[in-house]
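Based on the sequences and whatever the hints tell you, model everything.
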Amino acid sequence: GQQLNQSPQSMFIQEGEDVSMNCTSSSIFNTWLWYKQDPGEGPVLLIALYKAGELTSNGRLTAQFGITRKDSFLNISASIPSDVGIYFCAGRTGTASKLTFGTGTRLQVTL
Amino acid sequence: DGGITQSPKYLFRKEGQNVTLSCEQNLNHDAMYWYRQDPGQGLRLIYYSQIVNDFQKGDIAEGYSVSREKKESFPLTVTSAQKNPTAFYLCASSTSYTDTQYFGPGTRLTVL
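Which chain is which? The protein sequence lines are A and B, in order. If you read the first sequence in my numbering, its first letter stands for residue 1, the second for the next number, and so on. If you read the second sequence in my numbering, its first letter stands for residue 1001, the second for the next number, and so on.
Read the hints as simulated data drawn from the structure, not as lab findings. Certain hints may be false.
[Said to hold, decoys possible] Here are the simulated DSS-like pairs of lysine-lysine, each with C-alpha atoms no more than 25 Å apart in a straight line:
#, chain 1, residue 1, chain 2, residue 2
1, B, LYS1070, B, LYS1009
2, B, LYS1070, A, LYS98
3, B, LYS1009, B, LYS1071
4, A, LYS70, A, LYS36
5, B, LYS1083, B, LYS1057
6, A, LYS36, B, LYS1009
7, A, LYS36, A, LYS51
8, B, LYS1057, B, LYS1071
9, B, LYS1057, A, LYS98
10, A, LYS51, A, LYS70
11, A, LYS51, A, LYS98
12, B, LYS1071, A, LYS98
[What the hints assert, rightly or not] With the Cβ distance kept under 7 Å, some of the chain A side facing chain B (calculated, not the full set):
#, residue
13, GLU41
14, PHE101
15, GLY102
16, THR103
[What the hints assert, rightly or not] According to the in silico footprint, chain A covers these stretches of chain B (three or more CB under 8 Å from chain A):
#, region
17, 1036 to 1045
18, 1099 to 1108
Don't be surprised by glycine CBs; every beta carbon is placed ideally from N, CA and C.
So this is what it looks like as structure tokens:
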């Protein structure tokens, strides 16, 4: 099955810094989702995007549905220690298609 | 509280034994899913069910089996035919197949 490419694979940042990560696909997607997974736990939904160009925020998190519909971006502003975890993108190519997950971006925050 | 529960959190089994992982949801969701997660990889779909008494294979169904006799429950059996069963297993559910999926806390299976 297809997997989405996420970049970067891992990031080490200092508390207070902003973070950017992205997800790309060779196929056009009509839905993009961003999840966060804490160590040893299941992923938790952060943001859902349904329209090309859409920009949606959830607190310090902002995600965008790329205009080409082949990518999506997640930004975290003013990072804090509890932002540590793995961030996954996921998307659908069609309304009845299965959800495809990215390979994840591991975020580490240092004080 | 509504949610998805998976039990146990950690499971150890000897090689060659079948093992069943539990997944229960009280969200009244029609669709349920099983994923496998390995280090450094994304989630891979094992099986999914869109409605009671119906289920379909995902991308990596070999060596696994499921049942969906009740709307709330979707147990996964890891059989001895699964060549590399040690992994983190995640169950998810959604209102329907096309809706956003919500995940349980996961079960870490270690085969010795």
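* Asked: Quick check: which numbered hints come out false for this structure?
  -> The structure conflicts with no hint, since it agrees with every one listed earlier.
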